[in-house]
Amino acid sequence: MELRGKLLDVSGLKVSFYTYRGVIKALDGVELWMDSGERLGVVGETGCGKSVTSLAVMRLIEQPGEIQAGKVIFNGKSLLELSEENMNRVRGIEMSMIFQEPRSSLNPVMKVGYQIGEAIAKSKKMPIKKTYPEVREMLKLVGLDPDRVMNSYPHELSGGMSQRVMIGMGLATHPKLLIADEPTSALDVTIQAQILELLDELARKMGNAVMLITHDMGVVAEFCDKVMVMYAGNSVEYASTVELFERPLHPYTGGLLLAVPRVGRTDELKAIKGTVPDLVDPPSGCRFHPRCPRVMEICKENRPPLVQVEPGHFVACYLYGNEGEVKENA
Amino acid sequence: MPDTLIKIENLKTYFPVKKSILSKKLFVRAVDDVTMEIPRGSTFAVVGESGSGKTTLARSVLRLIEPTSGKIFFDGSEILRLKGKDLLDVRRKMQIVFQDPYNSLHPRKLIKNIIGEGMKIHFKITENEIRDKISAVLKEVGLRDEHMFRYPHEFSGGQRQRIAFARAIVLKPKFIVLDEPTSALDVSVQAMVLKMLKDIRAQEDLTYMFITHNLSLVDYIADRVAVMYVGEVVEMGEKNTVFNHPSHPYTDLLMASNPIPDPKFQREKRLLKGEIPSSVNPPSGCRFHNRCPHADQKCASQAPEMREHAPGHFVRCHYPL
Numbered sequence: 001m002e003l004r005g006k007l008l009d010v011s012g013l014k015v016s017f018y019t020y021r022g023v024i025k026a027l028d029g030v031e032l033w034m035d036s037g038e039r040l041g042v043v044g045e046t047g048c049g050k051s052v053t054s055l056a057v058m059r060l061i062e063q064p065g066e067i068q069a070g071k072v073i074f075n076g077k078s079l080l081e082l083s084e085e086n087m088n089r090v091r092g093i094e095m096s097m098i099f100q101e102p103r104s105s106l107n108p109v110m111k112v113g114y115q116i117g118e119a120i121a122k123s124k125k126m127p128i129k130k131t132y133p134e135v136r137e138m139l140k141l142v143g144l145d146p147d148r149v150m151n152s153y154p155h156e157l158s159g160g161m162s163q164r165v166m167i168g169m170g171l172a173t174h175p176k177l178l179i180a181d182e183p184t185s186a187l188d189v190t191i192q193a194q195i196l197e198l199l200d201e202l203a204r205k206m207g208n209a210v211m212l213i214t215h216d217m218g219v220v221a222e223f224c225d226k227v228m229v230m231y232a233g234n235s236v237e238y239a240s241t242v243e244l245f246e247r248p249l250h251p252y253t254g255g256l257l258l259a260v261p262r263v264g265r266t267d268e269l270k271a272i273k274g275t276v277p278d279l280v281d282p283p284s285g286c287r288f289h290p291r292c293p294r295v296m297e298i299c300k301e302n303r304p305p306l307v308q309v310e311p312g313h314f315v316a317c318y319l320y321g322n323e324g325e326v327k328e329n330a
Numbered sequence: 001m002p003d004t005l006i007k008i009e010n011l012k013t014y015f016p017v018k019k020s021i022l023s024k025k026l027f028v029r030a031v032d033d034v035t036m037e038i039p040r041g042s043t044f045a046v047v048g049e050s051g052s053g054k055t056t057l058a059r060s061v062l063r064l065i066e067p068t069s070g071k072i073f074f075d076g077s078e079i080l081r082l083k084g085k086d087l088l089d090v091r092r093k094m095q096i097v098f099q100d101p102y103n104s105l106h107p108r109k110l111i112k113n114i115i116g117e118g119m120k121i122h123f124k125i126t127e128n129e130i131r132d133k134i135s136a137v138l139k140e141v142g143l144r145d146e147h148m149f150r151y152p153h154e155f156s157g158g159q160r161q162r163i164a165f166a167r168a169i170v171l172k173p174k175f176i177v178l179d180e181p182t183s184a185l186d187v188s189v190q191a192m193v194l195k196m197l198k199d200i201r202a203q204e205d206l207t208y209m210f211i212t213h214n215l216s217l218v219d220y221i222a223d224r225v226a227v228m229y230v231g232e233v234v235e236m237g238e239k240n241t242v243f244n245h246p247s248h249p250y251t252d253l254l255m256a257s258n259p260i261p262d263p264k265f266q267r268e269k270r271l272l273k274g275e276i277p278s279s280v281n282p283p284s285g286c287r288f289h290n291r292c293p294h295a296d297q298k299c300a301s302q303a304p305e306m307r308e309h310a311p312g313h314f315v316r317c318h319y320p321l
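Here the protein sequences come in this chain order: A and B.
Just so we're aligned, residue 1 is where the first sequence starts under the numbering used here, counting upward by one.
Just so we're aligned, residue 1 is where the second sequence starts under the numbering used here, counting upward by one.
Everything labelled a hint here was simulated from the structure, so no lab data went into it.
Derived lysine-lysine pairs resembling DSSO-like cross-links, with alpha carbons at most 30 Å apart: (1) A:LYS205 - B:LYS264; (2) A:LYS273 - B:LYS112; (3) B:LYS139 - A:LYS270; (4) B:LYS239 - A:LYS270; (5) A:LYS273 - B:LYS109; (6) A:LYS270 - B:LYS195; (7) B:LYS198 - A:LYS270; (8) A:LYS273 - B:LYS133; (9) B:LYS172 - A:LYS270; (10) A:LYS140 - A:LYS129; (11) A:LYS176 - B:LYS269; (12) B:LYS172 - A:LYS273; (13) B:LYS18 - A:LYS111.
Since the structure is predicted, the reported quantities are computational estimates derived from the model, not experimental observations.
The shape of chain A in the complex, shown without the other chains:
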């Protein structure tokens, strides 16, 4: 099979959560790919599966969740087939992750320097104490003063500083891919701008790819080269950022862009009617069909696959003439 992304290629990824309400099909055939050094934005609203996708790529889905199907090829390795031991050599070393709430992702009873040192110690198999010179370098790189921060506990840092520490920890092992799950959503705009600038600068310096998970179209426009739009556990559209904002093809993407307020925009915002579906009992066919302004008969029965309709522009929608269908339970 030909890979669409040289660094990461996720195909047909299915993840379900078994709850007392029933089986939640959080991801139902997610497609995603990235090249080395690229910045991919994964966007969507609450419950679209963007965070679950990132956790599944890292193989961090825990009970009651389960990865049921799909392939994750990262750097030539098929991650879902690796032993736990081998996966541990990938996780935190070749790819790492930072989260939305920096303060709750740091260990509150361990000093910051030690926490960053742990990651380096693990990848280089050396005692933590010996990593300290490298930790200090890393702290400088993320714009913190090592003398002040090395021996601080997380509660002594502000939200922006904690996120800098997380980024330092994430990049300390020089991973090929950094997954950032809403890294700035808990921060103020001025701090958000600082953190995005830092991620940008470090990615240039260290050459790592960034998968940025966000709900904020503004952040995507500023940071990402490529965008994957997700809706209700499906990948619905993929294109370069400029292309996607200029010519959104999927009715959901179009609707989302019209709903975003921005400075200088005072015309009426257009909302998408209806609400995000319940994933215990998702709509038949295309999951967007009950809310779609351009729905057709075929959309109610068959689910459109994600296909390339123009060079580099993929969309899962029957408006663009693809007759195929995603095979359920394939």
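Given chain A's structure and the hints, the job is docking chain B onto it.
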């Protein structure tokens, strides 16, 4: 001179901070010397980052928090002096919608009781009349009659925010504080809620104070805007004036930090360095001076006064841009 509904003069709200008994008393100066006027029938936005005091200001205006000093006039009457029946009457006319619709609705009450409770306190009316009013207000916010007999957990975030708003407008208020009403909602839902807020303001002749950290929303919904920084208003005026010609360096950098959803938009990279100082011990002089690119000696030692930079455009800066 436009007709003023709310007038705030030198409002201060301080919270004492517990230190050891021997050290001198410290205060969080959450709102420090705020003066503003809100014209009737307009939307007045208050923007600022976390810790700027915008929520404390909103709550102080409603007397949900007792201010430390200052005056607040509502339709000419000074509300900090009101008591008893007069205060109750003003309370009906000033309502609030909170940020998080998951916490602001009582989980074990039916929607009809959530919306109807205020009417039982403020109006002398029968159960049937209450029922009719609830039914009418639900329709106004885009919900249906049968929703009356459900509990909050049966609704989505956007619907809950509509219920919270119905609870506020059913009392026929004149003034509503909207404290980050859409920040817990997805963008597609946010658009609907904002549109509803705008439509109902026009229909019911309401005045809004719209608290937000999102500059993009301000442009969509507000007529006037005040920018807060560490307890103080640093810039205030017509929205278009403030947005097109930001005169305080903080406003300018705040605007430059706001991400624009347009990948072709090339902005000059201007970052605001440093972080927000503590309002227990704010910097001397101008509170922004240690982060300001234009600051000099004077800014560090002397606190600037609020000045009318252009007609109706107020700036608290020694060297407005």
